[in-house]
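A.B. asks: Listed here are the chains, written in short residue letters.
There are 2 protein chains.
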Amino acid sequence: MKKVNYRDIQPFPVDRPDASGVAARLLISRADGAPNFSMRMFELEPGGYTPRHSHSYEHLVFVLEGEGEVLLGGAFRPLAPGDAVFVPPDGEHQFRNTGGGTLRFLCLVPNASAVSDPLK
Amino acid sequence: MKKVNYRDIQPFPVDRPDASGVAARLLISRADGAPNFSMRMFELEPGGYTPRHSHSYEHLVFVLEGEGEVLLGGAFRPLAPGDAVFVPPDGEHQFRNTGGGTLRFLCLVPNASAVSDPLK
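Residue numbers (my numbering), protein chains in the order written: chain A, 1 to 120; chain B, 1001 to 1120.
Just so you know, these hints were derived from the structure itself, not from any lab.
We put the beta carbon where it would ideally sit given N, CA and C, even for glycine.
Careful: at least some of the hints might be erroneous.
To be verified - Stretch by stretch, here's where chain A covers chain B in the computed footprint (C-beta under 8 angstroms, at least three residues):
| hint | region |
| --- | --- |
| 1 | 1003-1012 |
| 2 | 1042-1055 |
| 3 | 1058-1067 |
| 4 | 1082-1093 |
| 5 | 1097-1104 |
Using the sequences provided together with the hints, build the complete structure.
C.D. replies: Spelled out as structure tokens, the structure:
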């Protein structure tokens, strides 16, 4: 079991050539005993973006704060707080911050991918 | 794929004798093609509570709004926005609204349980 406020989990910069201005916090993961999937929080600076890529597993996303857009089904679609996004397995996707503040969202993934590389 | 704002998904009352003042919205589920786990949103009225129970699968929770408490590890612990909660398999748990407004949180579960009974 675990209860933690996200502010008490240190963000770490996601340092990849295909991403910019991205930090992540690992809120719940296999390290906590979660048997199936993990909860991460991503924070994108204004102008920041995650990699444009696809992979074999899904993302379940919930937007908490900020303005942005997501590549989904071949088109960029606007993102606002309260949006839930399902990125299916093998679906190309990218998240971009198009606003003036932080774009903050939860992104849940199956466990196997989450521990080795939190940006997946 | 799917992108939807939670406000556009109709909440439905959770009508169980062991719960009170609870509504749920199913944001992402197997019906959307999600292969492994589902995202639900729960809204508890002031004084509302979910069942005090346990089951074989986990919950991954994130508090969005309001004040409350969660039974976890045999004790009630305060809940505030930004809290992430991991309820392990077979862990007894209950969520209660102790504030004056809505207590709103996300609760993610493995798929098999989510479609048949969203309060699990």
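A.B. asks: If you look at each residue in the region 1097-1104 of chain B, do at least three have a Cβ nearer than 8 angstroms to any Cβ of chain A?
C.D. replies: violated (count 0)
A.B. asks: Taking a Cβ-Cβ distance under 8 angstroms as contact, does the region 1082-1093 of chain B have three or more residues in contact with chain A?
C.D. replies: This one holds; 9 residues, not fewer than the three required, reach chain A with a Cβ under 8 angstroms.
A.B. asks: The region 1042-1055 of chain B covered by chain A? Criterion: 3 or more residues, Cβ-Cβ distance below 8 angstroms.
C.D. replies: violated (count 0)
A.B. asks: For the region 1003-1012 of chain B, count the residues whose Cβ lies under 8 angstroms from any Cβ of chain A; is that count three or more?
C.D. replies: Our answer is that it holds, as 5 residues pass the Cβ test (under 8 angstroms) against chain A, meeting three.
A.B. asks: With a cut-off of 8 angstroms between beta carbons, are at least three residues of the region 1058-1067 of chain B near chain A?
C.D. replies: Check passed, 4 qualifying residues.
In this structure, the earlier hints numbered 2, 5 are contradicted, and the remaining ones agree with it.
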